[in-house]
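Line by line, the protein sequences give chains W and P.
If you're matching positions, the first sequence starts at 1 in my numbering and goes up one per residue.
If you're matching positions, the second sequence starts at 1 in my numbering and goes up one per residue.
Think of the hints as simulated: they come from the structure by calculation, not from any bench.
Take every hint as true, because none was put in to throw you off.
The calculated DSS-like cross-link candidates involving lysine-lysine, where the alpha carbons are at most 27 Å apart (straight line), are: (1) 186(W) - 57(P); (2) 57(P) - 53(W); (3) 7(P) - 46(W); (4) 53(W) - 7(P); (5) 186(W) - 145(P); (6) 9(P) - 53(W); (7) 26(W) - 7(P).
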Amino acid sequence: MRDFELLVAQSRSRLLGHLAEHPEGKIVAGATDFIPLVDAGKLRPKIAIDISKVHELEGIEELAGVLRLGPLTTHARAAESSLVREQATALAEASASVADPSIRGRATLGGNICTSSPAGDSLPAFLALGAELTLASATGLRRLPIKDFLVGPGKNDLRQGEFLERIDVPLSASAGSAFYKLGRRKAMAISVVNAAAWMRIEEGHIVDIRIAMGSVAPTPVRCYRAEESIRGATIIDLKRKAADGEWLSVLRKDISPIDDVRAGGAYRRQVAVSLAERAVLRALERAEAGI
Amino acid sequence: MSLHAIKLKVNGCPVEATVPGSMTLLRFLRDELRLTGVKDGCAEGDCGACTVILDAKATKSCLVLAAQADGSEVTTIEGLAGESDKALHPIQEAFLEAGAVQCGYCTPGMLLTAKALLDANPHPTRDEAKVAISGNLCRCTGYAKIVEAILLAAVKLDSSGRGNA
Chain W
1 MRDFELLVAQ SRSRLLGHLA EHPEGKIVAG ATDFIPLVDA GKLRPKIAID
51 ISKVHELEGI EELAGVLRLG PLTTHARAAE SSLVREQATA LAEASASVAD
101 PSIRGRATLG GNICTSSPAG DSLPAFLALG AELTLASATG LRRLPIKDFL
151 VGPGKNDLRQ GEFLERIDVP LSASAGSAFY KLGRRKAMAI SVVNAAAWMR
201 IEEGHIVDIR IAMGSVAPTP VRCYRAEESI RGATIIDLKR KAADGEWLSV
251 LRKDISPIDD VRAGGAYRRQ VAVSLAERAV LRALERAEAG I
Chain P
1 MSLHAIKLKV NGCPVEATVP GSMTLLRFLR DELRLTGVKD GCAEGDCGAC
51 TVILDAKATK SCLVLAAQAD GSEVTTIEGL AGESDKALHP IQEAFLEAGA
101 VQCGYCTPGM LLTAKALLDA NPHPTRDEAK VAISGNLCRC TGYAKIVEAI
151 LLAAVKLDSS GRGNA
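Here chain W stands alone, though its shape is the one from the complex (with noise of 0.2 Å):
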C-alpha cells in the first residue's frame, strides 16, 4: 500500500533541510525502483523525498584525474557519454544493458547503488573501476570506496539523514575495463549473472586489475583471488592462462552462487566464469588499443 508523505526538493539546499528535518525519509530519485518495491511490500517508508528535480546533483565531468559522476545522471546519459564510454568504458555498458530504452531514460545511477540489488548492474562496474562514492548530511561529507557501501542484499551503508552527493572514478592513462551480462532475455532481465573487469597495462604486464561479479553473493563482490592470480603477469601469460582455464577455478573460490527463480547455483557458478573470463580479456584488449 503506498500511503507515505511525499516532500518535493527542489535544490540541494531543501534536500537537506528535508532530511535534517525527517533523517529517515526514503530519498526517490527515478522510481523506477521504489514503486514496484513499496507495491510489493519490501519498502515500507513513511516519508518519501522526492530529489528527480535536483539538477545539482546531475552531470558528467572529467576533472584532474577523476571521472565525476551526479547521481542523479540516469543510465541513458551515462551510456550515450562520450566521456564514460572512453573513460569507464565497463560503466557505459552495464548502464547501456539496464532494464529498457524507457526506464533506462528515468533510473539514476545513483538510484542503482542505493538500491545495492545483488543483481544491480552498474554495481560489478562500479566496483571494477574503483569508484569512490561522497555521502552528504547536514554535518558534512563522507568519502568511502563503493565496495566498502555495499553490505548486504538490499542493504548498505546509507547513514540516516545523508544522501549520495557524488560518485568519483579514478581515471589512469593504458587502463581499459568491460562489463558483461547475461539474463534471461535482453530487455527487462534481472542479470542471472554480471561481471566487470578493469585492468592497467605497463610494458608488457598487468601492473593492476579489478575484477567484480554480481548475482553470485549477498552483494556485488571483488573477485580478490582471481585479481591477485593475474596481477603482475605478463600480457602473454595472461593469455595463456585464459586459454588454458587456469585461473578459472580460482575465480570459482571467489563466489558464492545461489539457486533463485532466475537460475540455479551451479549454473551461475559455470556461467560466472565464462563472464569474467570475456571481461577480462575484453579489458585487455582495451587496455592494449590505449582506450
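Please arrange chain P on chain W, whose structure you already have, making use of the hints.
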C-alpha cells in the same frame, strides 16, 4: 497523506490538479483525467502497456509519481493524432496497414514508444526499432508486424512531411 498541487500539459491542454504524493502518473491519467487509453498492465514496469510520452521520452507511467510530472508535458494515445478528431496519426495508419494490432492492449504503448523513437531518430534501422520496443510486451506476439509498422511509419512520416508533428 501529502497533497501536491501540480501543473502539467496533457495532450496540449494545461491541467492543474491536486494529487496524493503516492499516486502514480498512470493512476492520475486513468482515474483523474479519465484517459483510459493509457493501459494498466503489470503496474510494475515490466509490460510497457502504460507507456506515455513524458517530456519527449517514452516513459512507463506506472513508474512515475504524478507529483514528479509537475511542470512536464505528457502525450497519451488520446493526443497522438493531434487536434483533428478523425484523422489518424501516420504511425497509427502504419500499424493498421501492417496488421500490427491484434488484441490491442499493448497498442497505445507501442504507438507512443514508436512516436518517441521516430521523433528522435526519423530513420531507425530494424534493430533500433526492436531495441526501442524491447520493454513493451505484446502477448499476441505480433512483434514482427509491429517492427514492420514502425519502419513503414518512418516512410509515411517522411512523405507526409510531419516528422515532428
